[in-house]
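Student: Be aware that the sequence shown starts at 1, since it is given in UniProt numbering, and climbs by one per residue.
No lab work stands behind these hints: they were computed from the structure.
You can take every hint at face value.
For lysine to any residue, the following SDA-like pairs were computed, each having C-alpha atoms within a straight-line distance of at most 20 angstroms: (1) K190 <-> E206; (2) K107 <-> T126; (3) K258 <-> T485; (4) K381 <-> I50.
Using C-beta positions, here's what the derived DEER-type ranges look like: (5) Q47 <-> G83: 15 to 25 angstroms; (6) V562 <-> N173: 24 to 34 angstroms; (7) P487 <-> D99: 47 to 57 angstroms; (8) R265 <-> D523: 15 to 25 angstroms; (9) P51 <-> K122: 46 to 56 angstroms; (10) Y470 <-> N181: 20 to 30 angstroms; (11) G27 <-> Y331: 49 to 59 angstroms; (12) E335 <-> M79: 26 to 36 angstroms.
Remember, predicted model here, so these are calculated numbers, not experimental data.
By construction, the Cβ of each residue, glycine as well, lies at the ideal position given by its N, Cα and C atoms.
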Amino acid sequence: MSSEYDIVAMGAGHNGLTAAAYLAKAGKKVLVLERKSYPGGGVSTRQLNIPGYWHDEHSSVHIMIQGNPMLRQDELELMSQHGLEYHYSPVPHATVFPDQTALFTYKDLDKTCEGFARISQKDADTYRSFVKVSQQVLQMFMPGLYAPPPPLGELVAMLDRSDEGRLMLDFMNRDCLDLVNQRYESDRIKIHLLRLVSENLQCPNELGTGMGVLLMPGIIHTYGVSQPIGGSGKLTESLVRCLTAHGGEVRCDAEVAKILTRDGRAIGVQLSDGERIMARDAVIGAIHPHVIRKFVDDVPEPVMRRAEQATLAPFSIMVSHYALKENARFYAGEEVGYAPMLELMATDRLDEMMADFDDLKRGLITERRLCAGGDESISDKTRVPPGTGLFHGITFAPYAIKDKRWAGRHWDDVKEEIGDLSMEHYRKFVSNLTSDNILARTIVTPADHERSSPNSMMRGDLHGVAPYFYQSAGHRPTPDLGQFTVPGVDRLYLAGPFQHPGGGVYGAGRATAIRMFEQLGMDFSSVSAGSRQDLGTPANVAAVRKKGLILRGAADEELMHVESLKREGNELVIKGKSFGTMPLEARLDADSARAGLKLLGLRQLSFLASLPFRKGNKS
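Modelling step: build the complete structure from the supplied sequences, incorporating the hints.
Tutor: What follows is the structure, given as structure tokens:
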């Protein structure tokens, strides 16, 4: 095995693998190192208790990645060449209440509103109108999720120039509870909508989290909600196949102890056994901001201190993995079993649910459980042996238990006891979660999550750091680290759930790759030409082929559609739309024009003059 590569990546989570795969596709010699005996990080599916039963360890539902050009255009041929296949449920989200009645969010908006109307016609009408707004915002918002973000200040200034942008700013700054209370009247509908966004490990009444309320309806009714056939880890498997098909390597049981540097530049890594592996071009690190000091020297102390102060999520999750003799059966009916996001509520009162979130933030194990769960094998028979089933139960739980019943005891000592309490709750909704139908159970606690990914899931935060507005865009996780680079150490790039755009399955390593391509002098468009044409947002939003001048970024994303050019005094005024609908204006004065001409040079100016006579490659 070689001891020198072009690119060395620390961590084989899906973000690091994504960045590595793009670089391998570009011809770089790439090595990915993984501490554990298998790749995947938070995107892994394993036989946790009985052979033949495949359980998702962390992520299960893939939502945000569906807007990523990596999939939309199949840039890495994950679907056309490397075996990735998704199942889309017609019932993305459901909430079951204590009386066993259920509220559904279908992919079909009309059907969703019919169900809402049985509770409140006013709320159904509000929701229908809100989804239209959400889908319009998506056109502005989604392109920025899969490329390097602007600094947060620049983003705010840009958004503050249009009504659409100010709407987004309003939601970004506020909390979900306030936004939902202003629009809806039914507690059940409010609970249904708030529990959905709380899956992002945020309490409904925390300021700076409101974008989830704005975006999720549009995402569900536009892209739907998906799960890889065979389990979440099938995404990881396809990324590994892509990487190795382009000559890359993945090496497991290889724990990185240190990033090697020389003269302010990352030059390789040292493993825990002392082995050194050198990187000619760059190092990718799945390094949480709280542990940068452990792995990297030469980072300025103020940068380090700010990184160590990045805010984590206020709670984590405890997961119960059950292997069953037969599929789970729900008292609420067969249809709820097809919902990949299924909330199992202990109350239908909003004030009681909010009290439970408050207790959770204080470290208590709530009497009324904040639970979700389901049987993925109802929709995906490849997960289990024929005729059998599984149950995947999720309970919101604190990392540090301060409940007097278990005061001073570690999760390892109480996991089965607390798991039994959650099982009692699940049994109120699942008729056959009984001892005669349960073959095995595995409990995974917040402490187990941290052990599984100690450099990403600090204190059990599966999403890296909390999803607050002040930790978003170019400020995620901090302003210093928000561009995927580390001050003081050139050629070290960050990838992980703690970076933009956030936790969950985004395929966010694409943004890391774009930044690396830019700084290594490579052309990202050479690897982003996918195997299929993105026909635009499916079903609900028609694709529009714009005519005129379109300015594109390094990842071929549309930065600005220029609508007019005109002279005003000694300035050239350029007006158009950014992100599809956001008005944007730029001004070019004489000094800027001279600087631009000097930057272009004679060769580029000649090429620019010839462009109108060249054959276009875009419709």
